[in-house]
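J.: These are the residues of each chain, in order.
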Amino acid sequence: MRQVWRLLDTGELPAANNMALERVILTARSRNLIPNTLHFLQFSPHCALVGYHQAVDLEVEEQYCREHGIEINRRISGGGSIYMDEGQLGWEIFALKDTPGIPKRLEDMYRLMCESVVTGLAKLGIDARYRPLNDIEVGGRKISGTGGTEMGNSLLYHGTLLTDFDVDTMIACLKLPLKKLEDKQIRSFRERVTCLREVLGHVPPMQEIKKAMEDGFTEVLGVELEPGGLTEYEETFMAEELPKFQSEEWIRGPRASQESNLSVVDHKTPGGLIRVSLRIDPLRQRIKSAFITGDFFAYPERSILDLEAALKNSSSRPTDVLATVRNFFARNDVKIPGVETDDFYHALHLAISAHGPGAATGRGTDAIR
Amino acid sequence: MQREKRAIPDELFYDRNDYWIKVAEEAVIGLTDYGQSNIGDIIYLEFVPAGTVVRRGDRCGSIESGKWVGSLLAPVSGVIMETNRKAEADPSQVNADPLGRGWLYRIELANRNEIGLLMNSGAYKAWMEERIRLEEKDEVTL
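First to last, the protein sequences are chains X and Y. So the first sequence is residues 22 to 390, counted in our numbering. So the second sequence is residues 24 to 165, counted in our numbering.
Don't read these hints as lab results, they were simulated from the structure. There could be a bad hint or two in this list.
Stated by the list, open to error - Derived lysine-lysine pairs resembling DSSO-like cross-links, with alpha carbons at most 30 Å apart:
id: 1; chain 1: Y; residue 1: K160; chain 2: X; residue 2: K125
id: 2; chain 1: X; residue 1: K118; chain 2: Y; residue 2: K160
id: 3; chain 1: X; residue 1: K289; chain 2: X; residue 2: K356
Predicted model only: the values in this text are computed from it and were never measured.
Looking at chain X on its own, in the form it has when it is part of the complex (with noise of 0.2 Å):
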């Protein structure tokens, strides 16, 4: 016989409630309160979302943000900033991590879990797929981005499915690595991400889209969904938590120190010219993020964009990113004419090392708390 778990659907809400639902979604699941849940949830009005470990004057820009009505919170789920507006759609899995079905493995439950996505989307027409280790893409182009947290013996794991999406608005209220680029570049950072708008030609209504995305999950996770609300239990803690991810102590409190810097560099070769553009935390010696841009050819063009994701949070020092660069050649079938492996290292070494010798050393300076 199938589980059946519990369908909620909370809705368009401001930043504060969804960060707090979660929080409160978890602990009623890992008491035991509440089935298994998928969660659909909504924002309004728009808001930039910080991963739980990162700072928000790093990540942020938060006189954009207050200028055009931007929310700031943080999650309680790992990775990095997002922007959230209104034409996206959050979905979230609350699960027992005992629950048969569900792998113990991280790697293999975020693809089971991503799996479901990809199949959700097959229903709506669109041929995507899951890309290691927490993305779903569409044509080597990112549709949905994903993460997740623990509580005792439950699990959260949830992503966003861009349905319409605001690209400008992102790039100007997230400090992304664009910031020194011409538009030419800019454009190529718009390719990156896709959304239904653009793959179909056309918004399906958000029931539609809802409706697939359940169909996913229930084929992928062998469960039934019943539509159900918040429970007392819930709808009692959330009126206790709200105010505190609405306070600013948890949306700016101290973390770990860290650190991020931005560095653009050229690197010429017989193939023509890499432009590497990274986020760098020389501190916690971490590639934060990469953009690769350039005038060669690569073949599948999409194999730049999964170098770029192979290096999203990798060791910034110098063995490591020589290992990370060779690994991700020597496994992928990718022809650059006139580039070898090596010199895209060597781009990405100049632009950690133009940070100064700590960005490869961890012996960065002007850390934050």
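Once you have looked at the hints, place chain Y on chain X.
T.: Chain Y in isolation, oriented as in the chain X frame:
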């Protein structure tokens, strides 16, 4: 999944959340080699402040890898005396040297009887192998 040989020193105690516990006058806590490899590349690590009183199973910090925020759970009750600030600043130390430079925190034990609830190296090895077996079963099912 490739089975790799994991270091499980005999002189340490272990719990089911993949922590090692070195017991002397105080206890030092860290993640086991298997635990860190399961978590993957650790990006952030945060501890509760030194001086915090924790009960066995309480959350005493957070750990992030692959967009996943996990909880650091105390394997024994006591007072956190010191956290590894170097590992907090550079969590890759936990991946690189989980039994050495990547230790997590020191704790003054509140109840030494709790040591009896921990596993020795042989029991932990059996526990770890059982979990690997279940993970491999998942892999086949997927």
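J.: Against the 30 Å threshold, does the CA-CA distance of X:K289 and X:K356 hold or violate the hint?
T.: It holds: about 17 Å lies between the C-alpha atoms, which stays within 30 Å.
J.: Would you mind confirming whether the straight-line C-alpha gap from X:K118 to Y:K160 stays at or under 30 Å?
T.: holds, 16 Å
J.: Would you mind confirming whether the straight-line C-alpha gap from Y:K160 to X:K125 stays at or under 30 Å?
T.: holds, 10 Å
The earlier numbered hints are all upheld by this structure, with none contradicted.
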